[in-house]
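There are 2 protein chains.
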Amino acid sequence: MKRENGFLLLYGSSYSDQNIYYMTKFLSNDPFLCIVSNNFKRKFVYLPEMEIDRAKKEAKFDKISSYNNYNLDELFKKYKDADVAFGKMITDILHEEGIYIVSVMRNFPSFLYKILEKEGISIDTIKNPFEMIRRKKTKQEVEYILKAQKAAEDALITVKKILERSIIKKDYIYYNHSRLTSEYIKAVIEKRLLDNDAFCEGLICSSGVDSADPHSVGRGPIKCGKPIVIDIFPRLMTERYFSDMTRTFVKGEADDKFIEMYNVVLDAQNIAFKMLKPNASCRDIHLSVCEYFESLGYDTIKKNKKINEGFIHTTGHGVGLDIHEPPFIGDNDNFLIEGDVVTIEPGLYYKNIGGIRIEDIVFIKKEGFVNLSNASKDFVIP
Amino acid sequence: MKRENGFLLLYGSSYSDQNIYYMTKFLSNDPFLCIVSNNFKRKFVYLPEMEIDRAKKEAKFDKISSYNNYNLDELFKKYKDADVAFGKMITDILHEEGIYIVSVMRNFPSFLYKILEKEGISIDTIKNPFEMIRRKKTKQEVEYILKAQKAAEDALITVKKILERSIIKKDYIYYNHSRLTSEYIKAVIEKRLLDNDAFCEGLICSSGVDSADPHSVGRGPIKCGKPIVIDIFPRLMTERYFSDMTRTFVKGEADDKFIEMYNVVLDAQNIAFKMLKPNASCRDIHLSVCEYFESLGYDTIKKNKKINEGFIHTTGHGVGLDIHEPPFIGDNDNFLIEGDVVTIEPGLYYKNIGGIRIEDIVFIKKEGFVNLSNASKDFVIP
Chain H
1 MKRENGFLLL YGSSYSDQNI YYMTKFLSND PFLCIVSNNF KRKFVYLPEM EIDRAKKEAK
61 FDKISSYNNY NLDELFKKYK DADVAFGKMI TDILHEEGIY IVSVMRNFPS FLYKILEKEG
121 ISIDTIKNPF EMIRRKKTKQ EVEYILKAQK AAEDALITVK KILERSIIKK DYIYYNHSRL
181 TSEYIKAVIE KRLLDNDAFC EGLICSSGVD SADPHSVGRG PIKCGKPIVI DIFPRLMTER
241 YFSDMTRTFV KGEADDKFIE MYNVVLDAQN IAFKMLKPNA SCRDIHLSVC EYFESLGYDT
301 IKKNKKINEG FIHTTGHGVG LDIHEPPFIG DNDNFLIEGD VVTIEPGLYY KNIGGIRIED
361 IVFIKKEGFV NLSNASKDFV IP
Chain X
1 MKRENGFLLL YGSSYSDQNI YYMTKFLSND PFLCIVSNNF KRKFVYLPEM EIDRAKKEAK
61 FDKISSYNNY NLDELFKKYK DADVAFGKMI TDILHEEGIY IVSVMRNFPS FLYKILEKEG
121 ISIDTIKNPF EMIRRKKTKQ EVEYILKAQK AAEDALITVK KILERSIIKK DYIYYNHSRL
181 TSEYIKAVIE KRLLDNDAFC EGLICSSGVD SADPHSVGRG PIKCGKPIVI DIFPRLMTER
241 YFSDMTRTFV KGEADDKFIE MYNVVLDAQN IAFKMLKPNA SCRDIHLSVC EYFESLGYDT
301 IKKNKKINEG FIHTTGHGVG LDIHEPPFIG DNDNFLIEGD VVTIEPGLYY KNIGGIRIED
361 IVFIKKEGFV NLSNASKDFV IP
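Going line by line, the protein sequences match chains H and X. Under full-length UniProt numbering, the first residue of the first sequence carries the number 1, and numbering increases by one thereafter. Under full-length UniProt numbering, the first residue of the second sequence carries the number 1, and numbering increases by one thereafter.
Some clues are possibly wrong.
Since copy identity is lost for identical chains, a pair holds within one copy or between any two.
[Claimed, not checked] No more than 30 Å apart at the CA atoms, straight line, and that leaves these computed lysine-lysine pairs for DSSO-like:
no.	residue 1	residue 2
1	K127	K114
2	K80	K114
3	K160	K257
4	K41	K118
5	K277	K160
Since the hints were derived computationally from the structure, they do not count as laboratory data.
Model the full assembly from the supplied sequences, consistent with the hints where possible.
So, in C-alpha cells, the structure goes:
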C-alpha cells in the first residue's frame with residue numbers, strides 16, 4: 001500500500017452508515033475508520049483495541065489495526081479534543097501508508113475534512129461509489145430481503161386474523177372484549193417480527209383520517225368502515241436487510257368511495273408493474289401512475305406540486321441495507337437495472353376521509369420482475 | 001429573522017442524529033433541514049410538502065416551510081444532482097432569511113459545506129453546542145430513562161426465572177426440554193422489552209469464552225458453570241431515551257476463580273459509586289477503579305494500553321438519547337455535573353475463561369447520586 005493513490009476513506013458507525021456496513025460487514029455502534037482501495041478489493045480497518053479480536057472473528061479485512069498503534073490516547077492528551085486527535089491520527093495513518101490523495105464521500109464530516117486538508121492530504125469528494133453495486137442485489141441479498149418480507153407477511157397474517165375475529169360495537173372494533181387500537185396491532189406485529197429475528201422502527205398502523213398522512217404512525221382506537229393502513233418495513237437483526245410492504249384494510253363494510261379508491265390504487269400498481277424491467281425509466285413509471293390517477297379525476301404531484309391530497313408521494317424506492325435507497329421511482333433520471341429491488345406503492349390520501357396505500361416489493365430481473373410480496377390484497381374484512 | 005447572525009444550521013435524520021431530535025422532537029427517517037437560533041429558542045424547519053401537516057401536529061416550531069416554497073424540484077431538474085440542488089436551496093433559504101453567517105456542527109456533511117461556502121455563506125464550525133444541555137437531564141428525561149431501565153429489569157427478571165427453572169445435563173442447561181441458547185434468551189428479552197414499548201438493537205447475551213469480548217453479542221448453547229453476560233440497553237420506541245444495564249450469571253456452580261472475579265468487579269463498582277457527585281473528575285473515578293484492580297493483580301488499560309485481557313474498557317459513559325454520550329468516565333478531562341446520567345460498568349475479561357461485567361445506571365444529584373438500577377446482583381443461580 002506504499003505510495004499509492006486510489007483510496008477511499010470511510011468514517012462512521014456501521015449501524016447508521018450502510019455504505020460502511022456494506023463494505024466492512026462489521027457492526028459497531030461507535031464510529032470507526034476504514035480505508036478501501038477504489039476497486040473495493042482491499043480493505044484496511046482501524047479500531048479501538050477492544051474491538052480488534054471481534055473484527056478478526058466477524059469480518060474479513062486485509063489489515064486490522066488498533067488505534068493504540070497510532071497513539072490516539074497521546075494525541076488526545078496533546079490536543080485535548082477528541083476530533084482533532086482523531087484527525088491527526090488519520091493523517092498519521094495515511095502518511096504511514098504512503099497515501100497523500102484520498103477520496104471521501106459527500107457526507108464525510110466537514111470538521112475532519114478540514115483537518116486532513118490542513119495536514120496536506122489532498123481530498124477528492126466523490127458521489128456515492130457504492131450506489132450501483134448496492135443496487136445490483138446478489139442472490140444472497142435477495143434471500144435476506146425475502147426473509148424480511150416473510151417476517152412482514154407472517155405479522156400481517158396475524159393482524160388479519162385479529163381483524164377477522166374482531167366484532168363491531170357502535171362504530172368501534174373489539175377484540176377479546178377490548179377496543180382494538182393502533183398500539184395493540186403494532187405490538188402484535190412487533191412480536192411476530194421478533195419471532196423471525198426482525199424489527200421495524202417506525203412501524204405504521206394508522207386508521208381513519210390519520211391515515212391521510214402517509215407517515216403518521218397511528219394511535220388510538222380503530223373504527224369500523226374506515227381505512228386501516230399497515231406499513232411494515234422490517235429489518236433483519238442479524239443480516240441487516242429490510243423489506244417493505246403496505247396493506248390497507250377496512251373492518252366491517254366499506255363505502256363505495258373507499259372500494260373505488262382501493263381498486264384505482266390497485267390498478268395504478270398494476271400499471272407500474274407492467275412497465276418494470278431493466279432500462280425502464282423511473283420517470284415514465286411514476287408519470288404513468290400519475291396520469292392514470294389524473295385520468296380518473298384524482299389529483300397528483302405531477303400536475304400540482306403543492307397538493308396535500310390525492311397521490312402525494314412518489315411511486316416507489318429501492319430497498320436493501322437502507323429502507324429508502326436508489327433508485328427512486330419518481331420524476332427523475334433513474335433507470336431500472338437488473339438486480340434492483342424496489343417498492344411499488346401508489347396511494348390516495350384525503351384529509352377528511354383517510355388514505356389507501358398498497359405497497360409491494362419487487363426484484364427486477366432480465367425478463368421483467370418478480371414480486372417478492374406474497375401477501376393477499378383483501379381489502380374489506382367482514 | 002431579517003439580517004440576523006447567530007443561527008445554527010442542522011441537517012440530518014432525527015432517527016440517527018440525536019442532536020436534531022433533541023432540538024426538534026420531530027421524528028423523520030429522511031434527513032431534513034432545521035435552522036435554530038443560537039440560544040435554541042427559535043426553530044425553523046424545512047421539510048418535504050408531505051411532512052408539513054405531521055410536523056404541525058407532532059412538534060413545535062416557529063416556522064414550518066415546505067421545500068416546494070423553494071422550488072427544490074426545479075433546482076433538481078436544473079442541476080441534475082440532488083445534493084447540489086439541496087445546497088442551492090439552503091442558500092436560497094438563508095438569503096431569504098437574511099442570514100449570511102451560520103454555524104454548523106462538526107459532522108455537517110463536507111459536500112454541503114463546500115456548496116454553501118461557494119455561495120458566499122460564511123460558516124463557523126462549532127463543537128457540539130448541545131453537549132452540556134443534553135447532559136443535564138430534566139426530570140422528564142430521567143423519567144424516560146427510568147422507564148427504559150424498568151423495561152430492562154422486567155426482561156432480566158424473566159431471564160432469571162428461566163435460569164432458575166432450567167436444569168443441567170452434561171454441562172449444558174436445559175429449559176423446557178431444550179438446550180438453552182443465547183439466541184433464546186435474547187428473544188425472551190426482546191419480547192419483554194416490547195411489552196414495555198422498548199427495543200434493544202445489538203442486545204448482548206454472551207456466555208463462556210465468548211463473554212471475554214465485551215461487544216460479542218453471543219450465540220449458541222450455554223454451558224453451566226460459565227459466565228453468562230447479559231447487557232441490555234433498551235431504547236423507548238416513543239420517547240427515544242435509552243437505559244443500559246449489565247448483569248453476569250453463572251448457572252449451577254461457579255469456580256472460586258469466578259466468584260473472586262465477581263466480587264472484585266462488584267467492589268470496583270462500589271469504589272466508583274463512592275466518588276460520584278457533581279464536579280468529580282471522570283479521570284479520578286476511572287483511575288481509582290483501575291488502581292483497585294491492579295492492587296489485586298488484575299491488568300488494566302491504565303497500566304498497559306495494549307492489553308486485551310483484564311479491565312480493558314473505560315468505567316462508564318453518559319446515557320440519554322444516545323446510548324454512548326458525554327461524559328465518558330475514562331482517562332479524560334470530563335467532570336460530572338448535576339443532572340448527568342452515567343453508567344458505572346467495571347468488568348474483567350480473560351480469553352480462556354470469559355468475562356464478568358456489572359453495569360448500573362445512575363443519576364448524579366447535588367448530594368451524590370441515585371442508582372436508577374434496581375435489579376438484584378445475584379451471580380450464581382443454583
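Hints, verified against the model:
Taking the shortest alpha-carbon separations for K127 and K114, both the intra-copy value of 19 Å and the inter-copy value of 14 Å come in at or below 30 Å. Within a single copy, K80 and K114 get their C-alpha atoms as close as 18 Å, and across copies as close as 27 Å, so both meet the 30 Å cut-off. In this assembly of identical chains, K160 and K257 lie within 30 Å of each other by CA distance solely inside one copy; the values are 22 Å within and 54 Å between copies. In the homo-oligomer, the alpha carbons of K41 and K118 lie at most 30 Å apart inside one protomer (29 Å), although the nearest pairing across protomers, at 35 Å, exceeds that limit.
Taking the shortest Cα distances, K277 and K160 never come within 30 Å of each other, neither inside one copy (32 Å) nor across copies (54 Å).
Consistency note: the structure conflicts with earlier hint 5 alone.
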